[in-house]
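*Asks:* Residue numbers (the numbering used here), protein chains in the order written: chain A, 1 to 609; chain B, 610 to 1187; chain C, 1188 to 1515; chain D, 1516 to 1891.
Possibly wrong hints are sitting among the right ones.
Mimicking DSSO-like on lysine-lysine, the simulated pairs with C-alpha atoms at most 27 Å apart in a straight line are [what the hints assert, rightly or not]:
| no. | chain 1 | residue 1 | chain 2 | residue 2 |
| --- | --- | --- | --- | --- |
| 1 | B | Lys637 | B | Lys864 |
| 2 | C | Lys1194 | B | Lys920 |
| 3 | D | Lys1793 | B | Lys975 |
| 4 | A | Lys582 | A | Lys311 |
| 5 | B | Lys913 | B | Lys977 |
| 6 | B | Lys873 | B | Lys853 |
| 7 | A | Lys191 | A | Lys144 |
| 8 | D | Lys1796 | C | Lys1411 |
| 9 | A | Lys48 | C | Lys1374 |
| 10 | B | Lys925 | C | Lys1411 |
| 11 | D | Lys1796 | A | Lys394 |
| 12 | D | Lys1800 | B | Lys1035 |
| 13 | B | Lys1035 | D | Lys1537 |
If you want the ones that stay clear, here's a sample from chain C, every Cβ over 12 Å from chain B, calculated [claimed, not checked]:
| no. | residue |
| --- | --- |
| 14 | Asn1264 |
| 15 | Glu1364 |
| 16 | Leu1451 |
It is worth saying that the hints were derived from the structure and are not from the lab.
Using N, Cα and C, we set each Cβ at its ideal position, and we do this for glycine too.
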Amino acid sequence: LEEAPMLAEQVAAGELPPVEERVPSNPRVIDVAESIGEYGGTWSRAFKGPSDRWGPTKLMEERVLRAVMDADQNISYVPGWVESYEANEDSTVFTFTLREGHKWSDGQPVTTRDVQFWYEDVFQNKELMPSTPALYTAAGEAMKLDFLDERTFTVTFAAPYPLFLTVLAKESTGKPGLDRPGFIEPFHYMKNFHPKYADEAALAAAVEANGGQKWTDLWGDKGQIHAWWFNPDMPVLTAWRVATPPPADTVVMERNPFYYAVDAEGNQLPYIDRVEHRLFQDNEALNLMVVQGEIDLQSRHLNANDFTLFKENEDAGDYDVVTWTKASTWTIYPNLNTPDDTLRGLFEDKRVREALNIAIDRETINELAFSGLGEPRQAGPVTGSPFFDAELEKAGTDWDPDLANALLDEAGLTERDSDGYRLRPDGKRLSLVIQTRHNPLLPVLELVQSDWAEIGVEALVRNLDRTLVTQNVETGEFEMVLDAFDRSSIITADPVRFLGRYGFAHNYFKWWSSGGNQGIEPAADHPIRSVWGAWESAQGASSLDEANGYAQDMVSLFKENLWTIGLIGETPAIYVKSDDLKNFPEGLIDDDALRGIGLAQAAQFYFDK
Amino acid sequence: MRNADNLLEIENLSVHFQMRDYKLHAVKGINLEIKPGEVVGVVGESGSGKSLTARAILNLMPRTAQTSGSVKFKSRDGVVSVLDHGRESKEMRNLRGGQIGMIFQEPMTALSPVHSIGQQVMKTLTLHTDLRKNALVDRATELMDLVQLPDPRGMLDKYPHQLSGGMRQRAMIAMALSCNPSLLLADEPTTALDVTTEAQILNLIRGLQEQFNMGVMFITHNFGVVAELADRVTVMNHGIVEEKGTIDEIFYAPKADYTQKLLKLIPRLPEYAMADSTDAVPAKPVDATKKPEAEEVLKVENLKMYFPTEKNWMGKVTQELKAVDDVSFTIRRGETFGLVGESGSGKSTVARAILRAYQPTGGSVKFKAPDGNFHELTELQGDRLRAMRAHMQMVFQDPYSSLNPRMTVEQLIVEPLVNQGETDTKLMREKAANLLLKVGLKTDMLSRYPHAFSGGQRQRIGIARALVTNPSFLVLDESVSALDVSIAAQTISLLKELQDTLKLTYLFITHDLSMISNFADHIGVMQKGKLVEAGDTVEFFANPREDYSRRLLNAVPIPDPRRARALRERRQRELQTA
Amino acid sequence: MLWFIVKRILWSIPTMVLISIATFIIIQLPPGDYVTAYIAELEETGESITAVEAAELRASFGLDRPMIVQYWDWISNIVFYGDFGLSLDWKLPVSDLLWDRIALTLMISTLSLVLTWIIAIPIGVYSATRQYSVFDYVFTVLGFLGRGIPDFLLALVLMWLGFAYFNFHVGGLFSPEMADAPLSMAKFWDLLAHLWVPVVVLATGGAAGLLRVMRANMLEELGKPYVETAYAQGMGEREVVWRYPVRVALNPFFSTVGWALPALISGDVITAVVLNLPTTGPLLLRALLNQDMYMAGGFILILSIFTIIGTLLSDILLTLTDPRIRHA
Amino acid sequence: MTDSSITNDAQEPVVSTIDTAKPLTLMWWRFKRHKLALWSLYFIGFLYFVAAFAEFLAPYDPFKHSKLHAYVPPQQVHLFHEGEFVGPFVYGLERTRDPETARLSFDEDKDKVFPIKFFHRGDTYRFWGLVESDLHFFGIEGGRRDRIYLLGTDSLGRDLLSRLIYGGRITLSVGLIGVFFSFVIGISLGSIAGLIGGRVDAAIQRLAEFVRSIPTIPLWLGLAAALPIHWDPVFVYLLITVILALIGWTNLARVVRGHFMTIRNQDFVLAAQLSGAKPRKVVTKHMLPSMTSYVIAAVTLAIPEMILGETSLSFLGLGLRPPVISWGVLLQDAQNLRSIALAPWLLAPGAAIVLTILAFNFLGDGMRDAADPYQK
Ligand SMILES: Nc1ncnc2c1ncn2[C@@H]1O[C@H](COP(=O)(O)OP(=O)(O)OP(=O)(O)O)[C@@H](O)[C@H]1O
Ligand SMILES: Nc1ncnc2c1ncn2[C@@H]1O[C@H](COP(=O)(O)OP(=O)(O)OP(=O)(O)O)[C@@H](O)[C@H]1O
Ligand SMILES: [Mg+2]
Ligand SMILES: [Mg+2]
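This is chain A alone, in the form it adopts within the complex (with noise of 0.2 Å):
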């Protein structure tokens, strides 16, 4: 096992235990992208605010298990911060087993007992989780962990779930701390802000001084105790953590000591020994930072449309531009549920659907608005997924305008008003709005509403605020809206795109996810709801292949159905690598559901000097 220089000091003032102790004994071994690294240097990239903990979040984020794919894309899941993990026969009961000699950051031991506390205490206390996440439930009914001893657990369901491993691989919200993975806390640092076992007087005092009132205060939604990325002092497993939080200019993460992997030759990782995340406001403040070579490495923020800026400045800033494949497709997604009775018959005919989609001419999209860079596509599995369907990719593809015509007039919008758009069946203008928050895609919209105007569609583009389509999303007051089709690579992890969420059919979603309770119940023969019914049975299924197999039925009644307009995809991520910087792999897919960046493994990155 070797040392990093820059622990050796500490080492040697006995600061710090030895490499050999601070190492499990089985650690986890990271295989290098090209070549065993070196120690030392800081990584420098950039983030936007207190949100944009994201960035840093999945470059260095820990889970049971993770998904690693290798050259030639092949997705595979390796176990995380647990040793091992099995499931049994019928995916009722998943058994973990921590890695021996494992520490959290500040040296002490990971072991059950910090699961036991989150589940316990954290998991079933109904003041920090007052429902329980349905990704943690079965058949209705919530999972039960029991501990076998201080190195094996059990997580056991009340019917089969198969994916719930797929799952754990991609979810990250999970109360409480919202972006925290769950099933894991530091007991011996949390104990203290918590009321079951902290001291009331002493507790009181922290919620003071943290300027709240209770103590979820503190803990909660509200709270920066538990949050990684505010707190330096909360132990973690990553390889770095914070040791300059937020709201400084510069936040910077510096190597965690008792990080538990290493590479081939057993060096302990990460390689680098620091990494520094500047604050900018204005992408073009940041692209400005790119081009001055200010960037170790990144991709969050950048787009594709900067492509040629990048590239003609790669001499001057000295990096590379390397690109990974976006899982995600630009579509317009016609709305479903919109108020207005008359457009959402429209919508409802599959005609127009196919209309809408067949009137656009998505290789002048392309050329035009991305270089040339990406694919005209239908929304749908990304190419590389195992879900991939050619003929979804294609569907609704091929620019015919006069089909497209033609199908408008067979749906019965035969009459035109005199500017030459087609009249509604009650005597409005077949006007659709699209609302987007993306304003670097308007020229896409503005290629669109011409195409359309073609086929005697107006559309009006509207640009609006990022929350403000949210909330019309999620009111359902929208014609139409422009979004990312995403999470296409590994669709059982978080297969809600399908399901109608946040695009087609977002309150048809609601019905369905909230029993009922909430949103608009879909016709007894809507197609939506075979979709629904097919996830339902992935979820069911008593093995993975089954799972997979009704997946791939969603993708199926999905082709079938049209639902949404695909634009175009599979345009390059854009990661701009500074010279230096070694073993980033290249050509990987861009996904949230392979946890973007984090597929790279970045402990494994270092700087060749």
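With the hints as your guide, set chains B, C and D with the ligands onto chain A.
*Replies:* Showing chains B, C and D with the ligands alone in chain A's frame:
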């Protein structure tokens, strides 16, 4: 210099203005010289170029003026040819204020509105003397005292808008005299001063002139003042010098027709009112001139106007200046009420309070409108006040500041008509043109702006504006003070004519007792905010009751150099014996 | 004067109450709340929460209570404890966040403000006294160039030119390697090298305005007779101009200068955003967009207090500089 | 009321023969002497002319994109082809895309000569939405793909010149309405405060403080949600400018008030009041003219603010946005490093804005001088 003795030599000075399609020759090649210790009186028609000549000496012409000729001044460091130097040059800077003092004709506008009197006077002192700090304040206070301003120390902290016309004029005089200049350019410096103050100021100038051998160019329309002060006189008309000569030559052997005409028109106090009259019992004028008693038009009762001068921290007034204190008088239709008195005694304030330019502190003003009813002016507001104002007009003491600088003469004159709803522009224009002619101006001036006129011309524009609506009541505040005697006479007769035909009523504020004696039916005398005497004009001039009134009458300058000299000598003798 | 100030302070109490209520209402005018903004942010990152979770979140932030209760909670904490509450977004006390950035904000905005004045007033005076001279035209054109190009674009262009043609390091206030270095001469130079862009950008926009206003007012005053008097007293041109008309011409400047006070604290948002300056302005912008109501509300309240103080200061300045107002 | 005594004895016509120009005529004379102002007036007139006849003067449909012509730099107009005079013409375009950087570059294809034709028939349009025509001021003869781009094209291959010409329409009309409104409100409230003073002034000052304290962003956000989404963006923008005016008056009001407080007791104001002028007239004819210079300067300063303000709200969904074309919107296209570095010609709208506001400024200068009685 042609003559080494001369302090100032003006040779062939011409000034013209390029108007759009013609040249306006304001000064046409005049020559003038002043010796040290000499007072040269400059008299002449209003608008004849007197002020421009004075400004040329300082090289401070309006920027649009084109000047030719030469002006040579013997400064302490040698002869300076003024016009050869730039307006802002260092040479000029040395002369101005220090060696050449200038009293501008219109002191009301000539002072900076945002600096206190003290700051402005002391600025000249710091520029040209070594006085600093306390010595500076002391000297400034002394100057205030010299020009007869009350509360000299307190005066330093006042701002121009808090002072009466005469007070501002005196502040201006103090500024000009502060550095004991070797040449004083006094452009009608006593127009706003009552005769007693005027006499003292003249004394002061004479004293300095003797003490420092100061040369003085004294522009005035008041032949009494000329007679009192001047050694030589220059008479100007239409931009040329009509006649030059010693004072006696001009008064007793005038050659030019214009001079003769002027001398004939000089208003004089009635003989019976002359202080040095040897007649013990003056012959009273014939009673027939007296008009029959007419109805009352304006009743002023216990009028008070106080200005706060000090406030405590709560904003409560702790000390106030009683500018008008309990003044009552009545004016009858078709009459002229002459208001005279000390400078700063509250005359203008009375006028303004009557017309509700100020809200009086107390008292009542009743005005009989043409509808035959009395209206309490102090209580009117808004439209009703405006309705009353249609029957009243005022000619302001300071013509310059009362004319909107951005309006042409035509706009200014017709404005009251427009306000009354008149829309016929042609008719209005004709009226305006006629009025201009009546007050001795030319109709081609209609499209000029106020700043392009001489002081007297502006005053006449003010009169024309006041007359255009034929108001039934007119306040004239020092309205002919800047006019030469001939135009003043013409204006007065115009006013009289209007009064006779239209039964106009005038409140006439003036310092010119000689003029008012021929014009007013009743006279009121103000002192320190109070109306100390009021009564029939003849009565007043024959038998002034109050001590102050007598002093006023005594101090009237007499437009007769010999008599003035005799009087001066007599007074000096009296002083010595006393 | 003292009473005047006391009276104004009394007046400001109802004004503040009104402002605080209006602010609180207006902040909540946009549909949705912080949780909606939070959902939007999650969506953008490929995450989601359920409707139930959203409701729980609202409850935990107290967003589900009636507005009046929320208002009282907020304002009473401010009035009685000086506690501006927790920022929902940063999960930190609002006051901490503001204090953190206020020093730098004040420094930059004061610097650019003072620079604006130092540049604009003399040039305005010069332009008026030398109307239609070459320099008058030059400054006019430069001024309007600064005004006609959005600050944002100007900053970008300057930075790009600096980077592409002069190899300057631009953006932010320090180079990355200097940011954490201890205070030193080198760091100071580094700061100066970065500061010129924001200062130029901020100054050009503001200076053009003040310059033209000064010029206009000076032209109005220069023809007045009292200027002649000043010359007749023997003053040189510069002294005449600066002592007399400038004082009168500054009236519009004094009328509104007090409102520079709140601007000093918030800084220029757009420029700060593009130049990546760690000032308070972007913080407020972010808070408003994310509906971080305590952060936004507290900040706006502070700004309005300074607006009120600024008006008072302006009025005091006006009375001090112009006796005609003082005695009115 | 007749004044017999004055008019009757005027025997001869005194007015007709003499030079008594009306004040407005006087001003025009003085204005004409300011050559730069005169030229600026012509220039502004020209701009409005261009905006009025945009359809005819613009060579192309401003919305028509071209797949092959994205980011074409401004084309050079030549006169001589291979040493021979042909009159004004442009060469054809040769497009290449760098496979590495994806950058498009265009070279002149010296084999293709396209002479510029005036009164050329091209894209059809409806003039003012009424008359259909296809006549354009100029264009080139050639295939469907051959076009002339004097100012280059934008990212969608649309002719920038045409867009600039169309953009002037909104910028020079709607953009200036807001300026007008905020001036009316500012001047009115300022006048009232300065003229009446006392309690009225105090109330207006508190109102100003209040209005200044209102956070605008949430207000706009609220509005963005409240306004029907179908409404025409130009109309929404118009509404916004009016609302902007409702809160943008404070500065001007305070300045006017400050100035009025200094002059309200001056003799010429009193004289106007005594001559029976109503308060409104006293304000508009006497008091405000004394701040002509300031008001003109403030207007010229407000114009660029409004033009640029067009887009500052756009990220909230409220300002003008594409497909509406205005100079502000066009300039927004250029507000990124990408355009500055790769397509600097997209900054052309900025030049148009600067030129326009300079013209407005010099026009203002001329008007100021014309209204200034102290000028010759
Ligand atoms: N700026 C100017 N532009 C045009 N004409 C002017 C200007 N200033 C003065 N004048 C004209 O020049 C002539 C002389 O003016 P000046 O002021 O010297 O007269 P004045 O003799 O002092 O008269 P008064 O006794 O009335 O003061 C007048 O006719 C006046 O109209
Ligand atoms: N606005 C004001 N504020 C304070 N004091 C004032 C104001 N106006 C006038 N005064 C004072 O009131 C007194 C009377 O002034 P007023 O102008 O009525 O005098 P006047 O009799 O017209 O003198 P003059 O003959 O010199 O014009 C003076 O002492 C003056 O200082
Ligand atoms: Mg004169
Ligand atoms: Mg007076």
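*Asks:* Could you run down the list of hints and mark each one as holding or not?
*Replies:* Comparing the hints with the structure gives:
Taking the CA atoms of lysine 637 of chain B and lysine 864 of chain B, the gap is about 20 Å. The hint holds against a cut of 27 Å. Under the criterion of a C-alpha separation no larger than 27 Å, the hint pairing lysine 1194 of chain C with lysine 920 of chain B is consistent with the structure, at around 15 Å. Taking the CA atoms of lysine 1793 of chain D and lysine 975 of chain B, the gap is near 23 Å; set against the 27 Å cutoff, the hint holds. Simply put, lysine 582 of chain A and lysine 311 of chain A have alpha-carbon atoms about 19 Å apart, close enough for the 27 Å limit, and the pair holds.
Pair hint lysine 913 of chain B plus lysine 977 of chain B holds up; C-alpha atoms about 20 Å apart against a cutoff of 27 Å. Of the supplied pair hints, the one linking lysine 873 of chain B and lysine 853 of chain B holds, its CA atoms being roughly 18 Å apart against a limit of 27 Å. The suggested pairing of lysine 191 of chain A with lysine 144 of chain A holds, with an alpha-carbon distance near 22 Å, which does not exceed 27 Å. About 24 Å separates the Cα atoms of lysine 1796 of chain D and lysine 1411 of chain C, which keeps this hinted pair within 27 Å; it holds.
Note on lysine 48 of chain A and lysine 1374 of chain C: the hinted pairing holds, with a Cα-Cα distance of about 25 Å set against a maximum of 27 Å. This hinted pair does not check out: lysine 925 of chain B and lysine 1411 of chain C have alpha carbons roughly 35 Å apart, beyond 27 Å. For the hint linking lysine 1796 of chain D to lysine 394 of chain A, the alpha-carbon distance of about 73 Å lies beyond 27 Å, and the restraint is violated. For a cut-off of 27 Å, the pair hint linking lysine 1800 of chain D to lysine 1035 of chain B stands: about 21 Å separates their Cα positions.
Restraint check for lysine 1035 of chain B and lysine 1537 of chain D: the C-alpha separation of about 11 Å stays at or below 27 Å, so the hint holds. Interface exclusion of asparagine 1264 of chain C from chain B stands, the closest Cβ pair being 35 Å apart, more than 12 Å. With a least CB separation of 54 Å from chain B, glutamate 1364 of chain C remains clear of the 12 Å interface cut-off, as annotated. Annotated as non-interface, leucine 1451 of chain C keeps its C-beta farther than 12 Å from every C-beta of chain B; the closest such distance is 27 Å.
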